[in-house]
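Peer 1: Here is how the chains run, residue by residue.
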Amino acid sequence: MSWVTKTLKSTLGRKLVMALTGLFLILFLTGHVSGNLLLFKGDGGEAFNMYAKFMTTNPIVKILSYLTYISVIGHVIYSIALGQLNKSARPVGYAESKASTNSTWASRNMGVLGTIILLFLVGHMYSFWYQMHWGGIPTVVYGTEEYKDLYSVVQVAFQQTWMVALYVIAMGFLGFHLSHGFSSAFQTLGLNHVKYSPAIKAVGKFYCIVVPVLFASMPLYIYFTS
Amino acid sequence: MKLTLKIWRQKNASDKGGFATYPVDHVSKDMSFLEMLDVLNENLTEKGEDPVHFDHDCREGICGTCSLYINGKPHGPLQTTTCQLHMRSFNDGETITIEPWRAKAFPVLKDLVVDRSAFDRIIQAGGYVSVNTGGVPDANEIPIPKTVADLAMDAAQCIGCGACVAACKNASAMLFTSAKISQLALLPQGQVERKTRAEKMVAQMDAEGFGACTNTGACEAECPKGISITNIARMNREYFSAVVSSENM
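Sequence lines, in order, name chains D and C. Residue 1 is where the first sequence starts when you use full-length UniProt numbering, and the numbers rise one by one after that. Residue 1 is where the second sequence starts when you use full-length UniProt numbering, and the numbers rise one by one after that.
For the record, the hints were derived by calculation from the structure and aren't laboratory data. Note that the structure is predicted; figures quoted are calculated from it, not measured. Hints are supplied without guarantee of correctness; some may be wrong.
Here are the computed lysine-lysine pairs in the BS3-like style, where the Cα-Cα straight-line distance is at most 27 Å [stated by the list, open to error]: (1) C/146 x D/87; (2) C/16 x C/146; (3) D/41 x D/62; (4) C/146 x D/6; (5) C/16 x C/6; (6) C/47 x C/16; (7) D/98 x C/6; (8) D/205 x D/98; (9) D/98 x C/29; (10) D/87 x C/16; (11) C/104 x D/9; (12) D/9 x D/87; (13) C/47 x C/104; (14) D/98 x C/104; (15) C/11 x C/146; (16) D/87 x C/104; (17) C/11 x C/104; (18) C/2 x D/98; (19) D/41 x D/195; (20) D/98 x C/16; (21) C/200 x D/9; (22) D/98 x D/87; (23) C/2 x C/104; (24) D/98 x C/47; (25) C/104 x C/146; (26) C/47 x C/2; (27) D/148 x D/53; (28) C/29 x D/87; (29) D/87 x C/2; (30) C/146 x D/195; (31) C/47 x D/87; (32) C/16 x D/6.
Bound conformation, chain D alone (with noise of 0.2 Å):
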């Protein structure tokens, strides 16, 4: 076994993919939630279409896309290898356990709100992501140019009150899920230091508030404007 497998077999190998996977998709989380601000702009979407277009075709997009799915990917395999290795290091448990009092709730079920998310990630990219790519969804002209008509797409959807709920409650998943990640990963990296660590737990706590609350503003500006 050559020594790059031998140290992603190993518990804090495996435990490195978790961390630079999941630093990759907050990276990604970010680039998402500020991209689609523009549904904000009131312009009819002309400048989210323009966006989601640029999103398509863009080569170097399209090289971070892939790594964006790579990452899903990855983030999901290795938890559920390592779920079940952790699950198999206490075959009998506790009658009674406290766990309340020594741990946060996030932290505890990360793999529970992993699945929750994963679940979400699942509808919402067969929503506009399929649709965008493959879907037979309007066209619209800017200037000389034709351009697909996602804004119509996504105003359609958060018309329907049950969209909005899931899409709203979907964030308040994601938010206690980064609520743990963020500041965990860096753990893993090994980067916890007096001298930064309480930035990091600081960003980390507003970062679980405000790009979900972003997410979940955008349905409901949809849903009560239109």
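We have chain D already, so just place chain C on it with the hints.
Peer 2: For chain C alone, coordinates are given in the frame of chain D:
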């Protein structure tokens, strides 16, 4: 005080085991938890029953031998060792649940006694320094900055009781292993075997069947010696830098 004890009884490693309930009376608030169990065992012995087996040794909070999971927490409600826990932490008439450490790597031998030799094997894998034999070296022969010495001593406080494993939802031994790696990695004497130590101790920890840390921080919160999870971050740094730079293929 009058108490009801719900204690895990298991004849041997292959027995399935189960809870037994024992009432105990005339418990003083000033008794340590282990003294209270001594009273119970005296009663059981007088009745001709098998006393409850539990690990204990120094009863001073320094050896790390006592290991009881009391009312859902390792070493009970206080952040101390079971031997330093006193009955004033409990209420009259209370039912106290006592379980052994639960981990695949810590198999139950009998009742509340578990086999923690997995920790010994992790130490044997690299938790040592090779030194020249001979006379006692002079004090301060090797200068060590106070801040570094403090960090090393903080890590060295680990008594290897296993409360970290017991508290962790993944039965991970990373707090223990990281403390042992840290105490030596920080000091000049530990530099020779530094990389090999990190690699071998982590490999042994994995081989023993402990789980992987998910950074819940439960270990740090329950550790009777207050070992910090900054040691786990240090172990990660030590391990990752070792695998990319050591001579071990």
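Peer 1: Now tell me, hint by hint, if it's right for this structure.
Peer 2: Going through the hints against the structure:
Of the supplied pair hints, the one linking residue 146 of chain C and residue 87 of chain D is violated, its CA atoms being roughly 41 Å apart against a limit of 27 Å. In summary, the hint linking residue 16 of chain C to residue 146 of chain C is not supported, as the alpha carbons are separated by about 51 Å, beyond the 27 Å threshold. Taken as a hint, the residue 41 of chain D and residue 62 of chain D pair is honoured in the structure, with Cα atoms around 25 Å apart against an allowance of 27 Å. A distance of roughly 37 Å separates the Cα atoms of residue 146 of chain C and residue 6 of chain D; the hinted pair therefore is violated under the 27 Å criterion.
Between residue 16 of chain C and residue 6 of chain C, the direct Cα distance comes to roughly 16 Å. Compliance with the 27 Å bound is thereby established for this hinted pair. With a C-alpha separation of about 24 Å, the suggested pairing of residue 47 of chain C with residue 16 of chain C holds against the 27 Å cut-off. With a CA separation close to 16 Å, the supplied pair residue 98 of chain D and residue 6 of chain C stays within the 27 Å bound. Between residue 205 of chain D and residue 98 of chain D the CA atoms are separated by roughly 25 Å; this keeps the pair inside 27 Å, and the hint holds.
For a cut-off of 27 Å, the pair hint linking residue 98 of chain D to residue 29 of chain C stands: about 23 Å separates their Cα positions. Taken as a hint, the residue 87 of chain D and residue 16 of chain C pair is honoured in the structure, with Cα atoms around 19 Å apart against an allowance of 27 Å. Straight-line distance between C-alpha atoms of residue 104 of chain C and residue 9 of chain D comes to about 19 Å, which keeps the hinted pair within the 27 Å bound. For a cut-off of 27 Å, the pair hint linking residue 9 of chain D to residue 87 of chain D stands: about 17 Å separates their Cα positions.
Under the criterion of a C-alpha separation no larger than 27 Å, the hint pairing residue 47 of chain C with residue 104 of chain C is inconsistent with the structure, at around 34 Å. Distance restraint check for residue 98 of chain D and residue 104 of chain C: the Cα-Cα separation of roughly 20 Å lies within the 27 Å cut-off, and the hinted pair is therefore satisfied. In summary, the hint linking residue 11 of chain C to residue 146 of chain C is not supported, as the alpha carbons are separated by about 50 Å, beyond the 27 Å threshold. With a CA separation close to 10 Å, the supplied pair residue 87 of chain D and residue 104 of chain C stays within the 27 Å bound.
A threshold of 27 Å between alpha carbons decides the hint, and for residue 11 of chain C with residue 104 of chain C the separation of about 18 Å falls inside it, so the pair holds. Note on residue 2 of chain C and residue 98 of chain D: the hinted pairing holds, with a Cα-Cα distance of about 23 Å set against a maximum of 27 Å. Restraint check: the Cα-Cα separation between residue 41 of chain D and residue 195 of chain D comes to about 40 Å, which exceeds 27 Å; the hinted pair is violated. With a C-alpha separation of about 24 Å, the suggested pairing of residue 98 of chain D with residue 16 of chain C holds against the 27 Å cut-off.
Using a Cα cut-off of 27 Å, the hinted pair residue 200 of chain C and residue 9 of chain D holds, with the two alpha carbons roughly 14 Å apart. Distance restraint check for residue 98 of chain D and residue 87 of chain D: the Cα-Cα separation of roughly 18 Å lies within the 27 Å cut-off, and the hinted pair is therefore satisfied. Under the criterion of a C-alpha separation no larger than 27 Å, the hint pairing residue 2 of chain C with residue 104 of chain C is inconsistent with the structure, at around 35 Å. The suggested pairing of residue 98 of chain D with residue 47 of chain C is violated, with an alpha-carbon distance near 34 Å, which exceeds 27 Å.
At most 27 Å may separate the alpha-carbon atoms for a hinted pair to count; residue 104 of chain C and residue 146 of chain C exceed this at roughly 39 Å. Our distance criterion of 27 Å between C-alpha atoms is met by residue 47 of chain C and residue 2 of chain C, whose separation comes to about 19 Å. A C-alpha spacing of about 7 Å is found between residue 148 of chain D and residue 53 of chain D, which places the hinted pair at or below 27 Å, so the restraint holds. Only pairs whose Cα atoms come within 27 Å are accepted, and residue 29 of chain C paired with residue 87 of chain D is rejected, the gap being roughly 38 Å.
For a cut-off of 27 Å, the pair hint linking residue 87 of chain D to residue 2 of chain C is broken: about 37 Å separates their Cα positions. Straight-line distance between C-alpha atoms of residue 146 of chain C and residue 195 of chain D comes to about 18 Å, which keeps the hinted pair within the 27 Å bound. Simply put, residue 47 of chain C and residue 87 of chain D have alpha-carbon atoms about 40 Å apart, too far for the 27 Å limit, and the pair is violated. At most 27 Å may separate the alpha-carbon atoms for a hinted pair to count; residue 16 of chain C and residue 6 of chain D exceed this at roughly 36 Å.
Hint check: violations occur at hints 1, 2, 4, 13, 15, 19, 23, 24, 25, 28, 29, 31, 32; the rest are consistent with the structure.
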